[in-house]
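A.B. asks: The listed protein sequences correspond, in order, to chains A and B.
Note that our numbering gives residue 188 to position 177 of the first sequence, counting from 1, and the numbers run on in steps of one.
Note that our numbering gives residue 118 to position 115 of the second sequence, counting from 1, and the numbers run on in steps of one.
Take the hints with a grain of salt, since some may be wrong.
Derived coverage of chain B by chain A (criterion: at least 3 residues anywhere in the stretch with Cβ under 8 Å from a Cβ of chain A; other residues may be distant) [unchecked claim]: (1) 31 to 38; (2) 54 to 67; (3) 73 to 86; (4) 97 to 106; (5) 203 to 211; (6) 221 to 228.
Since the hints were derived computationally from the structure, they do not count as laboratory data.
Every residue gets a Cβ at the ideal spot worked out from N, C-alpha and C, and that includes glycine.
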Amino acid sequence: MANLKELSALPERLAGGHRLCGGCGASICVRQVLMGAGDADVVCSSATGCLEVSTTVYPYSSWKTPFIHNAFANSAATMSGVEAAYNGLKRAGKIPADKEIKFCAFGGDGGTYDIGLQSLSGAMERGHNMVYVCYDNGAYMNTGIQRSSATPHGAWATTSEVGSVQQGKQQRRKDLTSIMAAHHIPYVAQASISNWRDLVNKAEKAFNTDGPAFIDVMAPCPRGWRIKSDETVEIARLAVETGFWPLFEIDHGVWKMTPVRGERKPLTEFLKPQGRFKHLFKPGNEQLLEQLQQECDEYYAYVERMCSLYAEEK
Amino acid sequence: MAERAEQKIVSATGNMMVTEAFRQADPDVVCAYPITPQTTIVEGFAKCVANGQVHTEFVTVESEHSSMSACIGSAQAGARTFTATSSQGLAYMYEELPIAAGMRLPIVMANANRAISAPINIHCDHSDVMGARDTGWLLFFAEDAQEAYDNTMIAIRTAEDKDVQLPVMTTLDGFITTHAMERAELMNDEAAKEFLGERTPLFPLLDTENPIAAGMFADQDSYFELHKALRDAVTASKPVIKRIGDEWAELSGRPFDFVDAWGCDDADYIIVVLGSAAGNARHQARLLREKGVKAGVARIRVFRPFPYEELVAALHGAKAVAVLDRSENFGGEYGPVGLEVATALYNAKETIPLKNYMFGLGGHDVTLEQMEQVYEDLEKLAAGTIDGSIEYLGNR
Ligand SMILES: Cc1ncc(C[n+]2csc(CCOP(=O)(O)OP(=O)(O)O)c2C)c(N)n1
Ligand code: SF4
Ligand SMILES: [Mg+2]
Chain A
12 MANLKELSAL PERLAGGHRL CGGCGASICV RQVLMGAGDA DVVCSSATGC
62 LEVSTTVYPY SSWKTPFIHN AFANSAATMS GVEAAYNGLK RAGKIPADKE
112 IKFCAFGGDG GTYDIGLQSL SGAMERGHNM VYVCYDNGAY MNTGIQRSSA
162 TPHGAWATTS EVGSVQQGKQ QRRKDLTSIM AAHHIPYVAQ ASISNWRDLV
212 NKAEKAFNTD GPAFIDVMAP CPRGWRIKSD ETVEIARLAV ETGFWPLFEI
262 DHGVWKMTPV RGERKPLTEF LKPQGRFKHL FKPGNEQLLE QLQQECDEYY
312 AYVERMCSLY AEEK
Chain B
4 MAERAEQKIV SATGNMMVTE AFRQADPDVV CAYPITPQTT IVEGFAKCVA
54 NGQVHTEFVT VESEHSSMSA CIGSAQAGAR TFTATSSQGL AYMYEELPIA
104 AGMRLPIVMA NANRAISAPI NIHCDHSDVM GARDTGWLLF FAEDAQEAYD
154 NTMIAIRTAE DKDVQLPVMT TLDGFITTHA MERAELMNDE AAKEFLGERT
204 PLFPLLDTEN PIAAGMFADQ DSYFELHKAL RDAVTASKPV IKRIGDEWAE
254 LSGRPFDFVD AWGCDDADYI IVVLGSAAGN ARHQARLLRE KGVKAGVARI
304 RVFRPFPYEE LVAALHGAKA VAVLDRSENF GGEYGPVGLE VATALYNAKE
354 TIPLKNYMFG LGGHDVTLEQ MEQVYEDLEK LAAGTIDGSI EYLGNR
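Excised from the complex, chain B in its bound form:
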């Protein structure tokens, strides 16, 4: 069992904490391209490069498409490889995302969750990352700066684990988490480096003695089977994430759970949410508990692979559940989180009434009043006086 390691209390933004994780991991290659609100990650890292704190080859690409293309070349070559992006940048590299996963390359990318154009908007929502949902990347969502750091550490180890070998996107909410100064704990360098270790590539392109062909053409006779293998690999990463997350939890003293289930044990009404908005939901749940309403919050920290069992365990026994989605599903009904929760409950033969909300798109204010409304709705939903159809929360 790992001993609790010495940590320093710092005041830092989420982006600063991601940069710190990158610095401690001392990657061989980082590809950088600016986009708000991600930019301060690569700017911070550029300082680490300039000050000789890392040995990294820093590739200042001319676009995000080239950024992920170069990451793929680099990771296939055998290098520990990181990048960071947001919104239009993530969309711009979309073509490359399934390629990184399909080639089983352990790239780690931080995404500052931001709305997608049009209209152009630099503020938080999850439509960028949800557009990349089905690409084979593992997806982690941080609630705050501390978790942006912790998730990045866990992401690096997970991606490079010999039983995983998959890209991981570690996401933090634009501005709310990327730019707000918070109290956070930073692991001492020595313990962090020991935890992270070094990457041991399985089939590096630079092994000229054992030449490989990477990124081949596969036809009807093998594409389907290779996709099934990728699906299995993503699913099979779950126990590895758990093992690594637990190891980090022991070292840091901060718990790791796929689903952070606050007050869910005895809750009648539960809000399911990703990322920074969980704080508002929890605050409202606390206020309601003072009034005797049994309110809970289930925050999903690992979205891919999706923690179906953990979520069902958290929701079991509730009278009604609300899912808050921060990205659209135009023309459909439930958003991406809503769909997963519905799947989880249905397959577990749970019949808890469910309602889905769109909230906070493009940085739209997320308020306690909204959370209050949701919990009030849940009482009505349980009583059968309203239905579970989607609603825009706080829409003017």
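Chain A on its own, in the form it takes in the complex:
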């Protein structure tokens, strides 16, 4: 992988001046992912959501690379059509045989875990040569912070309210990365914008994979998480360091975790700074907090176990 200096010399494919909030994790995610493509030609898509509405306000576009938005549920299906066209046109000789293009579809967690899951699953199963990236901020942010199946257990959202008989979201988060691993596609990874070297590395692998690749990227939303706009990266790092969001990959069936320096921190270090979890620290919710820690431990242990079960054969 290139070093920081070399990465900074790569073409910038998402121009500044877009209308995402200050400190939004989505644009950081896009820029790091596209660094993984090096200087190759990349065609991008996005599902409806914050990223799309903020970067392509007619007649302006922040994308310095071909970009297509279609609707909410279908970033993957749309890109599968683009990739199919590339193959068909190449076969017809209408695109030169040596012309290489990479395809990268983006979607938020709502557009990926929920409404777009079928479209994503279909595109991955069909084997399109594309990278699908979920920028995961754990809620439908664009419509005003409603819960998605990626919203953490216990988190406040405007459709998983905190009140006298309910303390935020009642269900556990869906483990989408494992669902994608179950598609047995060549490359699946979980990454975070806080660990840029790991993320760019994974993106590079994904772009160089022949066939479908999927990356789920932790990309905090200051507005929805009730954090300050300069805390985005710090909170994303705490997601990793507490084991809430372990960094791992499944490269052609081989599971591998990215080691994190030091001891795993208690989950509360990730939860406490965020306004969406503040009710958990009120008296009476001690048990729920304990349960969340337990669920986090379970998930972390599961990923560790998979990584030892399906480790590279020595």
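Dock chain B with the ligands against chain A, hints included.
C.D. replies: Coordinates of chain B with the ligands only, in the frame set by chain A:
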């Protein structure tokens, strides 16, 4: 002027003829998902793919929503792109239909006209396609297998014409036309391919030297204007369809008209209808003419853009007109065809009495007796003894 080209007489279903048109057009991408009675189109095309008769990238999607989504990606990328569907499938891709038109993408889709659930029913009516009426797609209705072929050829050229750049839905009646074996003429491959040419995309997404952003977010300051532009584009496609239809007519020897006006010149009583039911109406009109009743049939072949002038010209001079609708307008009065005919006549200051019928929903039998009843009603309508309110034709 094009010479009449050599054609082969075949015995084929409407679906087989659509498949033949697709094969001759050799599209870059076809998205396929099964639904009765469309399925034999994509099955037939799958054979063309397997036998290397086409160079197509065949995308076997997991749903119709993804089918049209992928078609949009593909067409925006620059590829000649086709698909086919029916009924629930068309409904399932509804979200994508106005997007295809709004992005000005020349996708060609065959629709096997079929009833919409509930109750679930696999037979012919037009409630699926009429649900997609206002999406910006051009809509063609075939009467028989031959026309399913001819319309598809004209649709491909029209969609991709540089002055049109719009999606076209070429429809054929479920089972009646999709599955019945008929005599048809198939253009020789060379002439067909020459007629169809290749697609020249205007702003392909795959042109990485000239990056574009497609499918943008447009607010109050531009959405309205962009919609007006789309309306104008749909309207402006009419002379292009005419030019291409005439070219195909010369090559094939089969006439092309927006409205197929049978016996309308001197007719007192005219039935207006879409699709396969026109045959029954014409047969009854022939029988009536033997008895001295001046009966006519105006079959609308191009429904979007709607041929107002042609229709008024066909109906002018009639004493009464009946419009047969094969899709509902619950809680309203006239069905979609009835409304268009009323608009056409009103705006042309024609005062011909009009009556609207619902018929053949969910494959309900369409009989000569029904047509006879309609023509009898028209005499009463002209005499003022009945009114023009909607009726269910042949309802038990
Ligand atoms: C079919 C459909 N349903 C609902 C919406 C409304 N909608 C637009 S964006 C969005 C939420 C997007 O959430 P996510 O994918 O997580 O992206 P984020 O906004 O968080 O970046 C919703 C519900 C829509 N545009 N289309
Ligand atoms: S609401 Fe959140 S996800 Fe949306 S732009 Fe603002 S910070 Fe980004
Ligand atoms: Mg989100």
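A.B. asks: Would you say the region 97 to 106 of chain B counts as covered by chain A, given the rule of at least 3 residues with C-beta under 8 Å?
C.D. replies: It holds: at least three residues are needed, and the region 97 to 106 of chain B offers 3 whose Cβ sits within less than 8 Å of chain A.
A.B. asks: Count the residues of the region 73 to 86 of chain B with a beta-carbon closer than 8 Å to any beta-carbon of chain A: does the count reach three?
C.D. replies: holds (count 11)
A.B. asks: Using C-beta distances, would you say chain A covers the region 31 to 38 of chain B, given that this needs three or more residues below 8 Å?
C.D. replies: holds (count 3)
A.B. asks: According to a criterion of three or more residues whose C-beta lies within less than 8 Å of a C-beta of chain A, is the region 54 to 67 of chain B covered?
C.D. replies: holds (count 8)
A.B. asks: Verify this for me: three or more residues of the region 221 to 228 of chain B with a beta carbon less than 8 Å from a beta carbon of chain A.
C.D. replies: This one holds; 3 residues, not fewer than the three required, reach chain A with a Cβ under 8 Å.
A.B. asks: How about the region 203 to 211 of chain B: do at least three of its residues have a C-beta closer than 8 Å to a C-beta of chain A?
C.D. replies: Three-residue rule met by the region 203 to 211 of chain B, so holds; n is 4.
Checked against the numbered hints above, the structure breaks none of them.
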